[in-house]
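Novice: Use the sequences and the hints to build the structure in full.
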Amino acid sequence: MMILIVDDEPQIRKLLTTGLKGYGYDVLAAADGNEALTLVAQRRPELVVLDIHLGQGPDGLEVCRRLREWSRVPIIMLSVRGDERTKVQALDAGADDYLTKPFGMEELRARIQAVVRRAVAEPGAPPDSVIRVGALAIDLANRRVTVAGEEVHFTPQEYDILRLLATHPGKIMTHPAILSAVWGPEYADMTHYVRIYVNQIRKKLRENPAANVRYILNEPGVGYRFIDTA
Amino acid sequence: MTVTLRSTTSFDRRAALLRAAGEYLAAAALVVATTLALWPLRERLTIANESLLYMLVTLIVAVRFRTGPSVLAAVLSFFAFNYFLVRPYYTLAVEDSRELLDLLVFLTAAVIAGRLTDYARRQAEAAGLNARQQDILYRLTSALNPLTDVAAIRAELRRVAVEEMGAVEVELLPAPAASPAESHPSGDVVFVLLQAGEAIYGTLRAVFARAPSASEHRLLVACAGQAALALQRVDLTAQAERSRVLGEADRLKTALLRAVSHDLRTPITIIKTSAANLGDADLAARLSAEEKGEMVQAIEASADALDRLVGNLLDMSRLQAGAVVLNEDWNSLEEIAGDVAAGVYRREGVERIRLDFPDDLPLVRCDFGLLRQALGNLVDNALRHEPDGQRVVIRGRAEAGSIRLEVVNHGPTIPAEERERIMEPFYQSRDGRSVMGGVGLGLAIAHGIVAVHDGALTVADTPGGGATFVIRLPQTEGAP
Numbered sequence: 001m002m003i004l005i006v007d008d009e010p011q012i013r014k015l016l017t018t019g020l021k022g023y024g025y026d027v028l029a030a031a032d033g034n035e036a037l038t039l040v041a042q043r044r045p046e047l048v049v050l051d052i053h054l055g056q057g058p059d060g061l062e063v064c065r066r067l068r069e070w071s072r073v074p075i076i077m078l079s080v081r082g083d084e085r086t087k088v089q090a091l092d093a094g095a096d097d098y099l100t101k102p103f104g105m106e107e108l109r110a111r112i113q114a115v116v117r118r119a120v121a122e123p124g125a126p127p128d129s130v131i132r133v134g135a136l137a138i139d140l141a142n143r144r145v146t147v148a149g150e151e152v153h154f155t156p157q158e159y160d161i162l163r164l165l166a167t168h169p170g171k172i173m174t175h176p177a178i179l180s181a182v183w184g185p186e187y188a189d190m191t192h193y194v195r196i197y198v199n200q201i202r203k204k205l206r207e208n209p210a211a212n213v214r215y216i217l218n219e220p221g222v223g224y225r226f227i228d229t230a
Numbered sequence: 001m002t003v004t005l006r007s008t009t010s011f012d013r014r015a016a017l018l019r020a021a022g023e024y025l026a027a028a029a030l031v032v033a034t035t036l037a038l039w040p041l042r043e044r045l046t047i048a049n050e051s052l053l054y055m056l057v058t059l060i061v062a063v064r065f066r067t068g069p070s071v072l073a074a075v076l077s078f079f080a081f082n083y084f085l086v087r088p089y090y091t092l093a094v095e096d097s098r099e100l101l102d103l104l105v106f107l108t109a110a111v112i113a114g115r116l117t118d119y120a121r122r123q124a125e126a127a128g129l130n131a132r133q134q135d136i137l138y139r140l141t142s143a144l145n146p147l148t149d150v151a152a153i154r155a156e157l158r159r160v161a162v163e164e165m166g167a168v169e170v171e172l173l174p175a176p177a178a179s180p181a182e183s184h185p186s187g188d189v190v191f192v193l194l195q196a197g198e199a200i201y202g203t204l205r206a207v208f209a210r211a212p213s214a215s216e217h218r219l220l221v222a223c224a225g226q227a228a229l230a231l232q233r234v235d236l237t238a239q240a241e242r243s244r245v246l247g248e249a250d251r252l253k254t255a256l257l258r259a260v261s262h263d264l265r266t267p268i269t270i271i272k273t274s275a276a277n278l279g280d281a282d283l284a285a286r287l288s289a290e291e292k293g294e295m296v297q298a299i300e301a302s303a304d305a306l307d308r309l310v311g312n313l314l315d316m317s318r319l320q321a322g323a324v325v326l327n328e329d330w331n332s333l334e335e336i337a338g339d340v341a342a343g344v345y346r347r348e349g350v351e352r353i354r355l356d357f358p359d360d361l362p363l364v365r366c367d368f369g370l371l372r373q374a375l376g377n378l379v380d381n382a383l384r385h386e387p388d389g390q391r392v393v394i395r396g397r398a399e400a401g402s403i404r405l406e407v408v409n410h411g412p413t414i415p416a417e418e419r420e421r422i423m424e425p426f427y428q429s430r431d432g433r434s435v436m437g438g439v440g441l442g443l444a445i446a447h448g449i450v451a452v453h454d455g456a457l458t459v460a461d462t463p464g465g466g467a468t469f470v471i472r473l474p475q476t477e478g479a480p
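One line per chain: the protein sequences are A and B, in this order.
Just so we're aligned: 221 in our numbering is position 221 of the first sequence, and the numbers increase by one with no gaps anywhere.
Just so we're aligned: 223 in our numbering is position 223 of the second sequence, and the numbers increase by one with no gaps anywhere.
Rather than coming from a laboratory, the hints here were simulated on the basis of the structure.
It cannot be assumed that every hint is accurate.
Stated by the list, open to error - Computed list of lysine to aspartate or glutamate pairs in EDC-like fashion (alpha-carbon distance at most 16 Å, straight line):
| hint | chain 1 | residue 1 | chain 2 | residue 2 |
| --- | --- | --- | --- | --- |
| 1 | A | Lys204 | B | Asp304 |
| 2 | A | Lys203 | B | Asp356 |
| 3 | A | Lys203 | B | Asp359 |
| 4 | A | Lys101 | B | Glu300 |
| 5 | A | Lys21 | A | Glu106 |
| 6 | A | Lys171 | A | Asp97 |
| 7 | A | Lys21 | A | Glu46 |
| 8 | A | Lys14 | A | Glu46 |
| 9 | A | Lys204 | B | Asp359 |
| 10 | A | Lys101 | B | Asp307 |
| 11 | A | Lys203 | B | Asp360 |
| 12 | A | Lys203 | A | Asp128 |
| 13 | A | Lys14 | A | Asp26 |
| 14 | A | Lys101 | B | Asp304 |
To be verified - Covered, in the sense of this in silico footprint (three residues per stretch, anywhere, with C-beta under 8 Å from a C-beta of chain B), are these stretches of chain A:
| hint | stretch |
| --- | --- |
| 15 | 24-32 |
| 16 | 49-55 |
What the hints assert, rightly or not - Going by beta-carbon spacing under 8 Å, a handful of chain B positions derived as facing chain A:
| hint | residue |
| --- | --- |
| 17 | Tyr119 |
| 18 | Ala341 |
| 19 | Phe368 |
Think of the CB as a built atom: it goes at the ideal place given N, C-alpha and C, for glycine as much as any other residue.
Specialist: Here it is in structure tokens:
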């Protein structure tokens with residue numbers, strides 16, 4: 001599988017190239033946005049790791065937008081801490097995920113695998129009608145949820161949110177995306193609805209963050225992500 | 001400088017001239033009337049009687065008008081008296097030379113008395129004006145005292161000049177506009193420097209319908225002086241604040257250098273020696289896989305420490321510069337606390353936090369990322385002092401008008417004298433260890449983050465020992 005790395009820092013390009021080659025990927029590297037666009041067109045990589053802040057030419061967000069005009073190649077953006085607005089913009093521009101610098105190679109590898117898996121799986125229905133994570137089991141066919149074997153009752157909205165998140169494990173679902181899917185597009189900016197419902201869902205799922213027993217993860221200022229155990 | 005002479009001035013002067021002519025005419029008329037009254041009685045009255053009556057007339061003129069008319073009255077009296085009432089009548093000759101002396105004494109006395117009377121009258125007038133002037137000045141000073149705003153001080157001076165002193169037009173020029181030492185009453189335009197000691201705070205340019213008298217001018221100078229003193233007070237206060245901020249920045253810089261020299265160098269040294277050891281072919285051949293793994297872990301841990309330190313320094317400087325942009329939204333504090341607790345579990349592999357939140361805690365408008373960091377810093381600090389086998393509690397409670405978030409620790413109690421200071425950047429507790437183990441930025445950042453949310457961070461004793469840090473966030477109107 002071929003991955004394109006786009007970063008204006010030569011050191012980072014070199015490290016990522018070495019690391020990803022070590023995991024057995026073929027790696028291309030581009031130093032700026034124009035080179036990246038050319039390489040995607042000519043070499044057709046299967047995934048792009050794209051830094052949001054590029055030194056010159058179009059920045060990462062712009063490259064992402066232009067790529068989405070003609071390509072469905074999975075894109076993972078690299079961003080820095082505290083840059084939530086840019087992260088939201090990246091997702092809006094069509095990025096599949098983002099990773100905050102500094103990160104470890106293991107983390108990048110896990111994200112790459114998750115994004116690729118989703119890209120392959122998404123067009124069809126989930127292979128299983130029952131999603132199992134830890135003590136949680138969601139029977140999609142019968143709309144039944146159990147925690148440690150005990151059935152838990154959810155309201156229709158709560159169930160819809162849980163199902164939406166659980167059927168996209170590891171994928172960031174922005175607050176507006178959840179609102180649009182469950183209540184309709186006209187509710188897209190009522191983000192506090194989502195928080196109140198997710199709070200309720202978490203209690204019913206008997207999450208215990210202090211022991212890291214969690215199914216729904218926070219993406220501050222962006223949205224939620226269902227835990228990806230694959 | 002240009003002086004605009006107003007067209008009313010020549011009219012004013014003509015009026016003053018007419019008024020003076022009237023006063024002289026009146027003085028003359030009074031003398032004529034007195035002479036006519038005395039004329040039938042001239043055989044039965046002595047010179048002493050008559051001269052006293054003329055003296056009275058002169059004094060009346062002096063009291064009523066001014067020196068000029070009173071001198072005229074005295075001179076006219078002298079001639080009328082001599083011509084009509086002193087024998088031989090209808091000549092200026094005098095029979096008895098002693099009578100001439102009497103007449104001359106009368107003339108001198110009348111002139112002196114007239115002048116004295118006029119002087120006394122003017123003194124009385126001046127005294128009356130002073131009382132009013134002092135009142136104006138006193139009220140201006142009391143009005144200026146509480147003012148701390150330059151614009152307000154200028155407005156007050158302008159008000160006094162217009163309302164109390166009758167200026168038609170007042171302008172405050174930023175720079176000294178007339179000759180620097182004194183002001184110039186040039187016609188009806190007056191320039192007064194706003195001067196306090198050496199410092200000059202601009203120029204007052206006032207236009208009066210009629211040229212102000214010397215005392216009015218003095219009042220204007222005094223008022224401008226008071227305004228200048230008030231401006232100087234504001235200026236000095238601002239200077240003191242600036243030097244306080246500079247002093248604070250200086251203290252921070254010193255503390256930063258001290259912190260950087262230790263907390264930056266340690267991880268850098270670890271990274272450098274570990275990398276060198278791993279890169280040394282001879283040495284690497286003799287190291288066990290376990291030892292190499294430890295070195296790699298040390299590099300990673302040091303890099304994480306550097307990342308946290310740089311992040312904290314950046315946050316601190318952004319908070320202090322007021323450059324933090326809040327990404328506010330309705331957030332669940334329980335969600336934020338959950339993230340912090342999960343982070344602790346991932347890092348330590350043990351459950352060291354207990355979450356205590358009611359089911360119905362309202363959402364709070366805040367920046368999720370910043371508040372998570374503030375809470376994380378408080379929790380890290382609490383964990384550092386938490387006895388083994390106990391758990392730090394993160395508790396959320398609603399109270400009237402605000403939401404309370406507590407981080408409860410069961411370790412040693414913080415001495416009262418340290419409570420305020422532990423929130424300061426780079427504060428190191430007296431046993432030499434910083435509160436955060438690192439450079440002592442954690443609590444200061446938490447404090448700064450809570451402050452930009454209009455909240456308050458305080459510390460109290462935990463019942464039974466330990467410290468409880470309390471974040472209070474305002475419960476905004478219209479909470480969902």
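Novice: Are the hints correct? Go through all of them and say.
Specialist: Okay, the hints, checked on the actual structure:
1. Lys204(A) <-> Asp304(B): Violated: lysine 204(A) and aspartate 304(B) sit about 35 Å apart, past 16 Å.
2. Lys203(A) <-> Asp356(B): It holds: about 13 Å lies between the C-alpha atoms, which stays within 16 Å.
3. Lys203(A) <-> Asp359(B): OK: lysine 203(A) and aspartate 359(B) at ~9 Å, within 16 Å.
4. Lys101(A) <-> Glu300(B): This hinted pair holds, its Cα atoms lying about 14 Å apart.
5. Lys21(A) <-> Glu106(A): holds (13 Å)
6. Lys171(A) <-> Asp97(A): holds (7 Å)
7. Lys21(A) <-> Glu46(A): holds (15 Å)
8. Lys14(A) <-> Glu46(A): Roughly 19 Å between the alpha carbons, so the hint for lysine 14(A) and glutamate 46(A) is violated.
9. Lys204(A) <-> Asp359(B): holds (11 Å)
10. Lys101(A) <-> Asp307(B): The given pair, whose Cα atoms are some 10 Å apart, holds under the 16 Å limit.
11. Lys203(A) <-> Asp360(B): Answer holds: lysine 203(A) to aspartate 360(B) is near 12 Å, not above 16 Å.
12. Lys203(A) <-> Asp128(A): violated (25 Å)
13. Lys14(A) <-> Asp26(A): holds (13 Å)
14. Lys101(A) <-> Asp304(B): holds (11 Å)
15. 24-32: Check failed, 0 qualifying residues.
16. 49-55: violated (count 0)
17. Tyr119: violated (82 Å)
18. Ala341: It holds, given that the least Cβ distance between alanine 341(B) and chain A is near 4 Å, below 8 Å.
19. Phe368: holds (4 Å)
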